[in-house]
Amino acid sequence: MKMSQSNPDKDDHTSSNKKTISLPISRVRLIMKSSPDVSSINQDALFLTTKATELFVQHLALASFNNGSGKETNTLSYSDLANTAEETETFHFLTDILPKKILARDYLKSLEQMQEEDADF
Amino acid sequence: MAERPEDLNLPNAVITRIIKEALPDGVNVSKEARRAISQAASVFVLYATSCANNFAMKAKRKTLNAGDVLAAMEEMEFERFLEPLREALEVYKKGQKGKKEVSEQKRKDKERKTDSENDKSREEEEEEEERMEEEPEAEEEEEVEN
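Chains as they are written, first to last, in the working numbering: chain Z, 1 to 121; chain Y, 1001 to 1146.
Next up, chain Z with everything else stripped away, as it sits in the complex:
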């Protein structure tokens, strides 16, 4: 097995396929520490969270692309992500920051409908 320290300078382009990490650990720690209850984090936990975040990014991107509408056109769009967040159980926690976009006129229409339903009483 190849050890990561044999070429730490070169891992930039291939790291997420290999077993090293490319996201900055310092930034991940900052995000973790922004959570008020967290007092300290050991080095292994920090490494694992960073690695998990990379896996998560890959998984989210690939799942959204595979479920999405852009397969023919080879594109990944925002709506593919929003749909994945809504439809996939494990990505449900993202629905707040990946809201589905709807047109203002559709929103107003549904608002009207709701009011009519209320008025039916």
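Heads up, a few of these hints could be off.
Covered stretches of chain Z (chain Y as the covering partner; in silico rule of three or more C-beta atoms under 8 Å from a C-beta of chain Y) [said to hold, decoys possible]:
hint, region
1, 28-37
2, 47-60
Calculated pairs, DSSO-like style, for lysine-lysine (alpha carbon to alpha carbon, straight line, at most 30 Å) [said to hold, decoys possible]:
hint, chain 1, residue 1, chain 2, residue 2
3, Y, K1062, Z, K33
4, Y, K1031, Y, K1094
5, Z, K33, Y, K1020
6, Y, K1058, Z, K33
7, Y, K1093, Z, K33
8, Z, K109, Y, K1108
9, Y, K1093, Y, K1108
10, Z, K71, Y, K1020
11, Z, K71, Y, K1031
12, Z, K101, Z, K71
13, Z, K33, Y, K1060
14, Z, K71, Y, K1108
15, Y, K1097, Y, K1108
16, Y, K1031, Z, K101
17, Y, K1031, Z, K100
18, Y, K1058, Y, K1093
19, Z, K33, Y, K1031
20, Y, K1020, Z, K100
Covered, in the sense of this in silico footprint (three residues per stretch, anywhere, with C-beta under 8 Å from a C-beta of chain Z), are these stretches of chain Y [to be verified]:
hint, region
21, 1021-1034
22, 1042-1054
23, 1057-1067
24, 1079-1088
The set of hints was computed from the structure by calculation and includes no laboratory data. The C-beta atom is built at its ideal place from N, Cα and C for all residues, glycine as well.
Got chain Z sorted already, so can you dock chain Y onto it with the hints?
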């Protein structure tokens, strides 16, 4: 700690690269989609941290450890990450041992070498990314006249 809101973002250039590597060649990822994935990643970190912290608190520990993070992944139903994470941690731990002695020397070499190279490639990579990680090495940059 986090003084500006953008401190809680992950570097776009790195996120973009990870997305590219995950998708088949030639897939175009819209700017909006990239930003959304990056924000999702930050939220993922917070969610994982909060789950892991619950496990640590239950065990009356103040420090999050590897087991807490792995338990959090299970709780979040990302069991698929467990195996790759364990493998990565193995490699990381082995690497840490020898690294300490080597890294000092390597870092010095690297600064000399990459400073000149990076200036070119950096501009391309960071077109839309003014604020990358502020690495301490930036301080050592020597002015070269061209």
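(message) Going through the numbered hints above, which ones does this structure break? Give me the numbers in ascending order.
(response) As far as the earlier hints go, 4, 8 and 14 are violated by this structure, in ascending order.
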